[in-house]
Amino acid sequence: MRINLVLELLDSPGKLVKVLEPISTFGANLVTVIHKRDYKNDNGMVPVQLTLEGEHEELKNVVDKFEELGFTIIEMDGVVRKEKITTILFGHIVDQDLRDTMDRINELDGVEIVAFDIKLNGEDKSTALINIEADLGKKQIIFNRIAEIASEKDLLVINEV
Amino acid sequence: MDECKVIIMGFGSVGQGVANAISMKKDLIKDKTGVDVKVVAAADSSSSAISQDGLDEELLVNTKKEKGKLSAYPEFGSDVSGMDVLDAVEYDCLIEATPTNIVDAEPAFSLTLKAFEQGKDVVTSNKGHLALKFKEVVGAAEKAGVEFKYEASVGGSMPIINFSRDTLSSCDIKSIKGILNGTTNYILSRMTSEGSDYEVILKESQELGIAETDPTQDVEGIDAACKTVILANSVLGIDATYSDVKVQGISSINSQAIELAKKDDYLIKLIAEVSPDNLQVSPRLVKRGSSYDISGTLNMATVETDLAGDITVMGLGAGSLETASAMLTDLISILRNKS
Chain Z
675 MRINLVLELL
685 DSPGKLVKVL
695 EPISTFGANL
705 VTVIHKRDYK
715 NDNGMVPVQL
725 TLEGEHEELK
735 NVVDKFEELG
745 FTIIEMDGVV
755 RKEKITTILF
765 GHIVDQDLRD
775 TMDRINELDG
785 VEIVAFDIKL
795 NGEDKSTALI
805 NIEADLGKKQ
815 IIFNRIAEIA
825 SEKDLLVINE
835 V
Chain U
7 MDECKVIIMG
17 FGSVGQGVAN
27 AISMKKDLIK
37 DKTGVDVKVV
47 AAADSSSSAI
57 SQDGLDEELL
67 VNTKKEKGKL
77 SAYPEFGSDV
87 SGMDVLDAVE
97 YDCLIEATPT
107 NIVDAEPAFS
117 LTLKAFEQGK
127 DVVTSNKGHL
137 ALKFKEVVGA
147 AEKAGVEFKY
157 EASVGGSMPI
167 INFSRDTLSS
177 CDIKSIKGIL
187 NGTTNYILSR
197 MTSEGSDYEV
207 ILKESQELGI
217 AETDPTQDVE
227 GIDAACKTVI
237 LANSVLGIDA
247 TYSDVKVQGI
257 SSINSQAIEL
267 AKKDDYLIKL
277 IAEVSPDNLQ
287 VSPRLVKRGS
297 SYDISGTLNM
307 ATVETDLAGD
317 ITVMGLGAGS
327 LETASAMLTD
337 LISILRNKS
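Chains Z and U supply the protein sequences, listed in that same order.
So for the first sequence, the working numbering puts the first residue at 675; every next one is plus one.
So for the second sequence, the working numbering puts the first residue at 7; every next one is plus one.
The set of hints was computed from the structure by calculation and includes no laboratory data.
There's no promise every hint is true.
Below 20 Å or equal to it, Euclidean Cα-Cα: the simulated DMTMM-like pairs (lysine to aspartate or glutamate) are [said to hold, decoys possible]:
id, chain 1, residue 1, chain 2, residue 2
1, Z, Lys692, U, Asp312
2, Z, Lys758, U, Asp270
3, Z, Lys793, U, Asp203
4, Z, Lys793, U, Asp312
5, U, Lys293, U, Asp270
6, Z, Lys813, U, Asp270
7, Z, Lys793, U, Glu200
8, U, Lys293, Z, Asp791
9, Z, Lys799, U, Glu265
10, U, Lys180, Z, Glu786
11, U, Lys252, Z, Glu807
12, Z, Lys756, U, Asp270
Start from the sequences, fold in the hints, and give me the full structure.
Here it is in structure tokens:
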């Protein structure tokens with residue numbers, strides 16, 4: 675069987691070799707590798723496309739090893755892998771242009787607010803819980819964007835551990 | 007060494023706990039180390055009790071409780087206090103349990119340096135000097151060639167410093183994340199279980215003696231930030247001081263935030279994060295049922311290691327005998343190293 679993977683690599687010497695090693699170690703065959711070093715995605719990482727051939731068990735071992743080595747697999751067989759992020763904001767969320775807050779999170783590539791729950795407290799500060807769905811590996815970009823909005827609009831952020 | 011003469015400086019809850027614990031564990035210490043521990047002086051903020059032949063630990067505690075000051079100790083009570091106590095009697099180890107001072111670290115800082123100069127080992131529960139001048143204090147101990155132990159300064163009875171450094175000595179420690187302040191954990195737990203407001207629970211916690219009359223150090227995250235600095239320096243080898251920690255307390259957390267978090271199966275906890283790229287104390291969302299889901303005044307910490315994966319410890323973060331247990335463990339390890 676075959677699988678298609680897209681991995682994200684840090685643009686530093688020797689990274690591609692590290693990716694290729696486990697493939698032969700576990701007896702899988704490398705069919706295609708596309709590595710364009712001069713293209714970087716939003717995360718500042720270089721995406722690498724791989725097509726591998728082998729027995730189910732062999733391919734599973736390779737994928738597990740990639741994850742163990744800390745390589746982020748952002749796409750598997752054409753399906754973009756997602757992660758969920760939850761955060762709470764506290765402050766004058768509505769008065770401080772709620773629409774702008776949401777737009778600035780949504781405009782990040784591969785990031786989408788999927789739920790927004792707000793408790794209003796009269797003229798007082800309000801509290802909102804935001805659920806975000808994002809392509810794998812975007813967490814830090816989202817945290818940075820939220821921190822930037824929060825410091826501008828004087829909001830308290832409660833992020834996940 | 008058949009005998010270890012100790013001075014207990016500071017005779018509040020922790021100092022009294024140490025006296026009680028020594029009284030309870032003398033035989034055990036003798037069994038484990040072959041050394042008799044003798045309290046030759048104990049001092050509160052304005053007076054002391056001093057006897058080269060040793061004092062009675064229970065009588066020290068009762069005197070302090072009943073008369074309010076140690077100068078009322080029969081026969082050996084005295085007005086000698088502060089640094090002078092260290093000159094008034096011969097001793098081997100200073101057990102330093104004065105209150106934490108996050109402004110100038112005194113009196114702990116001067117007392118500790120003086121003991122080092124006299125060539126004495128020091129066991130402390132104090133966070134002030136460690137959070138403000140870690141390098142200086144630890145450097146002074148090394149220079150003097152004496153032992154300096156401070157397990158009790160983080161997490162009370164919960165083993166974390168010696169645990170990370172000694173028990174996990176085969177591993178690189180990548181980060182420590184945890185709940186290092188019992189008072190705020192108690193307040194947040196009760197806000198979660200009862201849906202009450204912060205001010206209401208804070209007031210009740212003060213009445214129960216869980217929160218101090220001036221709760222600033224706890225609720226504004228200052229106490230947890232001091233512990234963050236201590237762990238950063240002692241376990242992760244990060245040269246950091248108090249001002250390097252980003253600190254956000256819990257006083258602006260309201261019941262609505264807790265309710266919203268609950269709907270998504272989260273709890274809000276005051277989390278200290280110690281890692282090379284982040285020294286931070288802040289309210290964070292933690293999954294219900296995760297290792298961060300502990301209630302009451304408990305403390306916990308998850309140590310992220312390279313070889314052993316994540317390891318979590320948990321225990322009572324404060325309390326008289328609980329904190330004393332960590333100090334006694336430090337004392338025993340000093341005695342073992344000497345024999």
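(request) Report the numbers of all earlier hints that the structure fails to satisfy, in ascending order. (result) Violated hints (numbers, rising): 4, 10, 11; every other hint is consistent with the structure.
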